[in-house]
Amino acid sequence: MRKFGFKLYSTNLYDAPKLIKECAEFASSVSDSFIELMVVPSSTIADLRKIKEQMCDIEVRIHAPHDSMGFDPGNKELEQRNQSLVALAQTAADLFNSQTIVVHAGLGHGQLYIDETVRQFKLFNDARIVVENLPHLDYGTVPMHGCTPEDISYIMQESGCGFCLDFSHAICAAYTLNVNIDEHLKKFFNLNPTVYHMCDGDVTQANDLHLHFREGNYPLPHFLNDFTNKDAYITMETNMNIEQSSDLRIQDYFYLKSIQNI
Numbered sequence: 019m020r021k022f023g024f025k026l027y028s029t030n031l032y033d034a035p036k037l038i039k040e041c042a043e044f045a046s047s048v049s050d051s052f053i054e055l056m057v058v059p060s061s062t063i064a065d066l067r068k069i070k071e072q073m074c075d076i077e078v079r080i081h082a083p084h085d086s087m088g089f090d091p092g093n094k095e096l097e098q099r100n101q102s103l104v105a106l107a108q109t110a111a112d113l114f115n116s117q118t119i120v121v122h123a124g125l126g127h128g129q130l131y132i133d134e135t136v137r138q139f140k141l142f143n144d145a146r147i148v149v150e151n152l153p154h155l156d157y158g159t160v161p162m163h164g165c166t167p168e169d170i171s172y173i174m175q176e177s178g179c180g181f182c183l184d185f186s187h188a189i190c191a192a193y194t195l196n197v198n199i200d201e202h203l204k205k206f207f208n209l210n211p212t213v214y215h216m217c218d219g220d221v222t223q224a225n226d227l228h229l230h231f232r233e234g235n236y237p238l239p240h241f242l243n244d245f246t247n248k249d250a251y252i253t254m255e256t257n258m259n260i261e262q263s264s265d266l267r268i269q270d271y272f273y274l275k276s277i278q279n280i
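Here the sequence shown stands for residues 19 to 280, numbered as in this note's numbering.
Treat the hints as calculated values from the structure; they're not laboratory data.
Ideal placement from N, C-alpha and C gives every residue a C-beta, glycine not left out.
Wrong hints could be hidden among the right ones.
Stated by the list, open to error - As a list, the in silico DSSO-like pairs of lysine-lysine whose alpha-carbon atoms are at most 27 Å apart:
hint, residue 1, residue 2
1, K205, K21
2, K140, K94
3, K94, K68
4, K248, K205
What the hints assert, rightly or not - Estimated spans, in silico, between C-beta atoms of each pair:
hint, residue 1, residue 2, range
5, D200, M258, 40 to 50 Å
6, D112, N196, 35 to 45 Å
7, L227, V48, 33 to 43 Å
8, L130, F272, 19 to 29 Å
9, P237, R99, 22 to 32 Å
10, T29, K205, 15 to 25 Å
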């Protein structure tokens, strides 16, 4: 049975408490939903415990802080900060008994920087970590590691981590690299991802739009049925802006339910 997850941020405790409450209530009412919690660096252990109280028995997966929050394992000078940010995510994973921690790879031109990403992933030393594939360029100039199946395979083999397949990131990278989307996704799928991220978007853009389903032109039934396993954990990353209500996200949940071939 596929499970469809609501993406929340730990800071929603303060900027969107109604959203947390509604998503938790809905997820607890069905058997095939979960929460993926992005742990924002400013959040405290007390904040995480407050969120835990609202989750009750809902399954929660964890996402570590990423590059927009100062995380870059491709940068040796940031090693101490990177370890601190991953440690916060690991603490959250312990608290919520999470089976996975999604972690972004690093940035930088060339094999030297990719090898630094691998070195720091080894230092994280956590079997729960799954590396997420990324778009090709960060801010239009700096290569992001993990934009190709070859990058992801190398990081996995060298560090022993698992894999989170982000469809929108893969499509953005395919557009920038001028490669066939289906062939690109098939190679990623062959790496046996255990976690998936899904949203809608534009196949002719290099930017990740995080649109709600049916707002873009992604062939979502094809992606869901041909490139996810029937027991997949699929986080619905359909939220670029803070939303105070869960209405659109619940619509996203029912849309994915409606298009899957069981």
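Hints versus structure:
Our distance criterion of 27 Å between C-alpha atoms is met by K205 and K21, whose separation comes to about 23 Å. For the hint linking K140 to K94, the alpha-carbon distance of about 13 Å falls within 27 Å, and the restraint holds. Proposed proximity of K94 and K68 is contradicted: the alpha carbons are some 34 Å apart, above 27 Å. Among the hinted pairs, K248 with K205 is consistent with the structure: their alpha-carbon atoms are about 18 Å apart, no more than 27 Å.
As the Cβ distance of D200 to M258 is approximately 26 Å, the hint placing it in 40 to 50 Å is violated. A C-beta distance of roughly 43 Å is found between D112 and N196, which places it inside the suggested range of 35 to 45 Å. For L227 paired with V48, a C-beta distance near 27 Å fails the hint of 33 to 43 Å. Between L130 and F272 the beta carbons are some 47 Å apart, a value that contradicts the proposed interval 19 to 29 Å.
In this structure, P237 and R99 break the distance hint of 22 to 32 Å, their C-beta atoms being roughly 39 Å apart. Between T29 and K205 the C-beta distance comes to about 35 Å, which lies outside the given range of 15 to 25 Å.
Going through the hint list in order, the structure does not satisfy hints 3, 5, 7, 8, 9 and 10.
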